Amino acid sequence: MYPKELRYSKEHEWAKVEGTRVRVGITKFAADRLSDVVYVELPKVGSEVAFMQTFGVVESVKAVSDLYSPVSGKVVEINQALVEKPEVINTDPYGEAWMIVVEPRDPGELKRLLDADAYMALIGERQS
Amino acid sequence: MDEPLKRTPLYAAHVAAGARMIPFGGWEMPVQYSGIMEEHRAVRTRAGLFDVSHMGEVDLVGPGAGPLVQRLVTNDVGRVALNQAQYTPMCTPEGGVIDDLLVYHVGRDHFMLVVNAANTVEDLAWIREHAAGDVRITDRTAEIALLALQGPRAQEVLARLTAAPLEAIRYYWFLDGVEVAGRRALVSRTGYTGEDGFELYVNATHAAHVWNAVLEAGRDAGILPAGLGARDTLRLEAGILLHGNDMDKTITPLEVGLGWTVKLGKGEFIGAAALARQKSLGLSRRLVGFTLRERVIARHGFPIQENGRVVGSVTSGSFGPTVENSIGLGFVPPTDAEPGRRIAIEIRGRAVEGTVTKLPFYKRPTGGA
Chain A
1 MYPKELRYSK
11 EHEWAKVEGT
21 RVRVGITKFA
31 ADRLSDVVYV
41 ELPKVGSEVA
51 FMQTFGVVES
61 VKAVSDLYSP
71 VSGKVVEINQ
81 ALVEKPEVIN
91 TDPYGEAWMI
101 VVEPRDPGEL
111 KRLLDADAYM
121 ALIGERQS
Chain B
1001 MDEPLKRTPL
1011 YAAHVAAGAR
1021 MIPFGGWEMP
1031 VQYSGIMEEH
1041 RAVRTRAGLF
1051 DVSHMGEVDL
1061 VGPGAGPLVQ
1071 RLVTNDVGRV
1081 ALNQAQYTPM
1091 CTPEGGVIDD
1101 LLVYHVGRDH
1111 FMLVVNAANT
1121 VEDLAWIREH
1131 AAGDVRITDR
1141 TAEIALLALQ
1151 GPRAQEVLAR
1161 LTAAPLEAIR
1171 YYWFLDGVEV
1181 AGRRALVSRT
1191 GYTGEDGFEL
1201 YVNATHAAHV
1211 WNAVLEAGRD
1221 AGILPAGLGA
1231 RDTLRLEAGI
1241 LLHGNDMDKT
1251 ITPLEVGLGW
1261 TVKLGKGEFI
1271 GAAALARQKS
1281 LGLSRRLVGF
1291 TLRERVIARH
1301 GFPIQENGRV
1311 VGSVTSGSFG
1321 PTVENSIGLG
1331 FVPPTDAEPG
1341 RRIAIEIRGR
1351 AVEGTVTKLP
1361 FYKRPTGGA
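These protein sequences, in sequence, are chains A and B.
Counting along the first sequence from 1, when you hit position 70 you're at 70 in this note's numbering, and nothing is skipped either side.
The number in this note's numbering is simply the position in the second sequence, starting from 1, with 1000 added.
Hints listed in this document are in silico derivations from the structure and should not be mistaken for laboratory results.
Note that the structure is predicted; figures quoted are calculated from it, not measured.
Yeah, the Cβ is synthetic: ideal placement off N, Cα and C, and Gly gets one too.
A few of these clues could be false.
[As the list claims (entries may be wrong)] Across the chosen pairs, the derived CB separations fall in these ranges: (1) A:R105 to B:V1121: 53 to 61 Å; (2) A:E96 to B:E1129: 57 to 65 Å; (3) A:P107 to B:R1293: 36 to 44 Å; (4) A:E11 to B:T1366: 42 to 50 Å; (5) B:F1024 to A:I123: 20 to 28 Å; (6) B:P1023 to A:K10: 19 to 27 Å; (7) A:E125 to B:I1022: 18 to 26 Å; (8) A:K111 to B:P1023: 34 to 42 Å.
Next comes chain A alone, as it looks inside the complex:
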């Protein structure tokens, strides 16, 4: 449920290092808490995001939540398919439901994120 290779923010985003880039999405916990996601708003390619500043919004029938970037840098890709089909956030939060890819300005920021164990402790879950 919380892959070991990912880093996690306290606001429930995940970050995956892919070479010099970082792919970003939200965790299973966040997706479950939101329940059925119906809408996602993502930044434009080329825009700047900052560490733990909002980069978008995700909405379910029940609630609206800000998305926080786990790293500072330039957005080099966005998941346009997700805008059309936001429900995959509920079914495949670490795969199809990735949100943005960032070219980080300071990869050191990733060290400030949580590893899977620390994240699970945060949300009060144990690896099953």
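Could you slot chain B onto chain A? The hints should help.
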């Protein structure tokens, strides 16, 4: 707001079924079990079972009961036959909606009012304050559990648990003293989802038994327990109002399209003069339905714009799983209330385009079984 949350007799059943519980109107209620979308679709296409035991039940008994109800509500209770139910607002002298409720004509000189959970205490106080003559007022909320079985297969499912002639219960009529799964129930053909269905009033001690029996009887029909989340999306698609969201004491029934429940000719009732005045002077705002071009959700309080100018605000908004659109209700000036009118909703600083839409957004197919 520091009062501890109340729990229905089905609390343990909800937790066991994996429900997510939330505070609602002073109660701890299930918002969803398997998921709002899935539960919504089950109700539209098969059957869903809701625990709405948080609703308040107030019994009015005695020769003064009929006249009291008639004075308290805007609709004409004189037209309600025995075993019939009626939807009606209850207003302040200024015409504001204190609550919207169902009046059940249970017996000669016996009416049961079913009121919204969040308003039960205030309603009771209001009713008692206006009581006159020979009438006994009893709050039966704690002893009555209310289950709502809704969906196209509701009758078929319920028929497995009762010998009562369900097909003979017409819309907004009921049968009292019916056995459902071996327990005594009042069974009404009412609901809040836009689907055919029944509401089952049972003694709180029998709630879990009846709940489980209905789920079991509906299993092969694909019944699902459904929570408040689906209840809200279902009622919104059906264009049904929610007190506290779409109306309150500062809003009159005429402004929200409930003019049909205001019977000015029935004789004196609380709010009559104000409502008559408003009717003759005309309305300054009207509640309308709207559909947005995007799936982004217009939430309660968001501004409604017309040509860049704020003209009103959203009262309810959600994504409609059946209509597959972002839909909502809100106030606009009467001049902007025509279906087809272009409006925009200000959502987090952005004007999202939409269209005033005729209500309901969803209407169930009629005829055929």
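Hint check:
1. A:R105 to B:V1121: 53 to 61 Å: holds (56 Å)
2. A:E96 to B:E1129: 57 to 65 Å: Taking Cβ atoms as reference, E96 (chain A) and E1129 (chain B) lie about 59 Å apart, which means the hint holds.
3. A:P107 to B:R1293: 36 to 44 Å: holds (40 Å)
4. A:E11 to B:T1366: 42 to 50 Å: holds (48 Å)
5. B:F1024 to A:I123: 20 to 28 Å: For F1024 (chain B) and I123 (chain A) the Cβ distance comes to about 24 Å; the hint holds.
6. B:P1023 to A:K10: 19 to 27 Å: Cβ of P1023 (chain B) to Cβ of K10 (chain A): about 25 Å, so the range 19 to 27 Å holds.
7. A:E125 to B:I1022: 18 to 26 Å: holds (20 Å)
8. A:K111 to B:P1023: 34 to 42 Å: At 39 Å between Cβs, range holds.
Checked against the numbered hints above, the structure violates none of them.
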